[in-house]
Amino acid sequence: MSEGFAATMRVATRVALVLLLLAAPAASAASTLAGSVDSVGITVSDMDRSVAFFTDVLDFEKVSDVEVAGGEYERLQGVFPLRMRVVRLRLGTETLELTDYLAPRGRPIPVDARSNDRWFQHVAIIVSDMQKAYAELRRHRVEHASSGPQRLPDWNPAAGGIEAFYFKDPDGHVLEVLAFPPGKGEARWQRKDALFLGIDHTAIVVDDTDKSLAFYRDVLGLAVAGESENYGEEQERLNAVFAARLRITAMRTRSGPGVELLEYLAPSDGRPIPVDERASDIAHWQTTFASESPDSGYAALRNSGAAFVSPGPVALPERTLGFVRGLTVRDPDGHVLRLVGP
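In terms of our numbering, the sequence shown has 267 at position 267, counting the first letter as 1, and numbering is strictly consecutive.
Incorrect hints may have been included.
Below 16 angstroms or equal to it, Euclidean Cα-Cα: the simulated EDC-like pairs (lysine to aspartate or glutamate) are [stated by the list, open to error]: (1) Lys-192 / Asp-59; (2) Lys-184 / Glu-227; (3) Lys-132 / Asp-193; (4) Lys-132 / Asp-59; (5) Lys-168 / Asp-56; (6) Lys-168 / Glu-136; (7) Lys-192 / Asp-129.
Using C-beta positions, here's what the derived DEER-type ranges look like [stated by the list, open to error]: (8) Val-275 / Ala-103: 19 to 25 angstroms; (9) Ala-225 / Ala-266: 23 to 29 angstroms; (10) Arg-138 / Val-224: 33 to 39 angstroms; (11) Asp-46 / Trp-155: 39 to 45 angstroms; (12) Arg-138 / Gly-70: 39 to 45 angstroms; (13) Ala-103 / Ser-36: 29 to 35 angstroms; (14) Gly-183 / Ala-299: 40 to 46 angstroms; (15) Ser-64 / Asp-208: 36 to 42 angstroms; (16) Asp-56 / Arg-85: 16 to 22 angstroms; (17) Ala-266 / Glu-143: 21 to 27 angstroms.
Since the hints were derived computationally from the structure, they do not count as laboratory data.
This structure is a prediction, so every number in the text was calculated from the model and none was measured.
Where a beta carbon is used, it is the ideal one built from N, C-alpha and C, also for glycine.
Please construct the entire structure, taking both the sequences and the accompanying hints into account.
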């Protein structure tokens, strides 16, 4: 895996894709491709271990457990030859999708991965009490990614008073628990009837926010919900990146978790997603958007210059994964997303 990552340091950013995205016309409300966020997915190396972690430690509930193989799924995911076990977990009203590639086995997450590398993605799990949540995570001996929970400073009007902590699942995926103070976040995140409440957003590291907005806002139709610039020792310890300064842009669809763009203004040495990254690699994340018509999405994405994983809209033989048509592409930085529909 380290050789593949090192090789990508010599590969230029997809300049042609970016230029085409910048030239793409803005999507109208009527032509919104990404109607809602259906789920956020990760690739795992041991499904039973991962399910136990998310259900026992974080209170997710298993809602489905299926195994699929065949050419349609290979074209959808860009992996050959494929057999995968897919488990959907729910927390609150949000869904996390775990995929274990029984064949082919993928590469582990690099041991030197950092939060400013552009393959970084996480989900923010909202908690009703940060100290209780941190104590519960410590009881289960989770691996720290932050030094401990951080309270973001009050001088930052968008983030002041928010408490957050990064930790890792058994495969090394970074997860976040986050607690909103009164007056911030959705009203449902102020509930006190459970400790782990749901997923507020998934966050991805991007090279250039404006280029990413040209894709997510102008092509897919997501709406910008908020912006902030975060820095200081609390942010550095949260991300475990010294001298971190981030431009953060929150985006939303009609429903489901938001998508948050994290642009590291400093340090600027984050590594790009490997050009040979595949869905079977454990570092893989994918965000699935429900769309009225993946076929229409294909035309718009093709016109935008998007990089396709699947050759086009794929018709699946059954609704085993919860949809019958899907299309998989990469954003300007290489993050993977799927458009799925009836």
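Do the hints match the structure? See the list:
1. For the hint pairing Lys-192 with Asp-59, the CA-to-CA distance comes to about 15 angstroms; that is within 16 angstroms, so the pair holds.
2. With a CA separation close to 14 angstroms, the supplied pair Lys-184 and Glu-227 stays within the 16 angstroms bound.
3. Taking the CA atoms of Lys-132 and Asp-193, the gap is about 13 angstroms. The hint holds against a cut of 16 angstroms.
4. A hinted pair counts as satisfied when its Cα atoms are at most 16 angstroms apart, and Lys-132 with Asp-59 qualifies at roughly 14 angstroms.
5. Pair hint Lys-168 plus Asp-56 holds up; C-alpha atoms about 15 angstroms apart against a cutoff of 16 angstroms.
6. For the hint linking Lys-168 to Glu-136, the alpha-carbon distance of about 14 angstroms falls within 16 angstroms, and the restraint holds.
7. Of the supplied pair hints, the one linking Lys-192 and Asp-129 holds, its CA atoms being roughly 8 angstroms apart against a limit of 16 angstroms.
8. About 23 angstroms separates the C-beta atoms of Val-275 and Ala-103, a value consistent with the hinted range of 19 to 25 angstroms.
9. Taking 23 to 29 angstroms as the suggested C-beta distance range, the pair Ala-225 and Ala-266 conforms, at roughly 25 angstroms.
10. Range check, Arg-138 to Val-224: about 36 angstroms between beta-carbon atoms, so the 33 to 39 angstroms window is met.
11. The given range of 39 to 45 angstroms is respected by Asp-46 and Trp-155, whose C-beta atoms sit roughly 43 angstroms from each other.
12. One distance hint, 39 to 45 angstroms for the beta-carbon pair Arg-138 and Gly-70, holds here, with the actual separation near 43 angstroms.
13. A C-beta distance of roughly 32 angstroms is found between Ala-103 and Ser-36, which places it inside the suggested range of 29 to 35 angstroms.
14. At roughly 43 angstroms, the beta-carbon separation of Gly-183 and Ala-299 lies within the given 40 to 46 angstroms, and the hint holds.
15. A beta carbon spacing of about 37 angstroms between Ser-64 and Asp-208 agrees with the range 36 to 42 angstroms that was offered as a hint.
16. Judged by the Cβ atoms, the range 16 to 22 angstroms given for Asp-56 and Arg-85 holds: they are separated by roughly 19 angstroms.
17. In this structure, Ala-266 and Glu-143 meet the distance hint of 21 to 27 angstroms, their C-beta atoms being roughly 26 angstroms apart.
Checked against the numbered hints given earlier, the structure satisfies every one of them.
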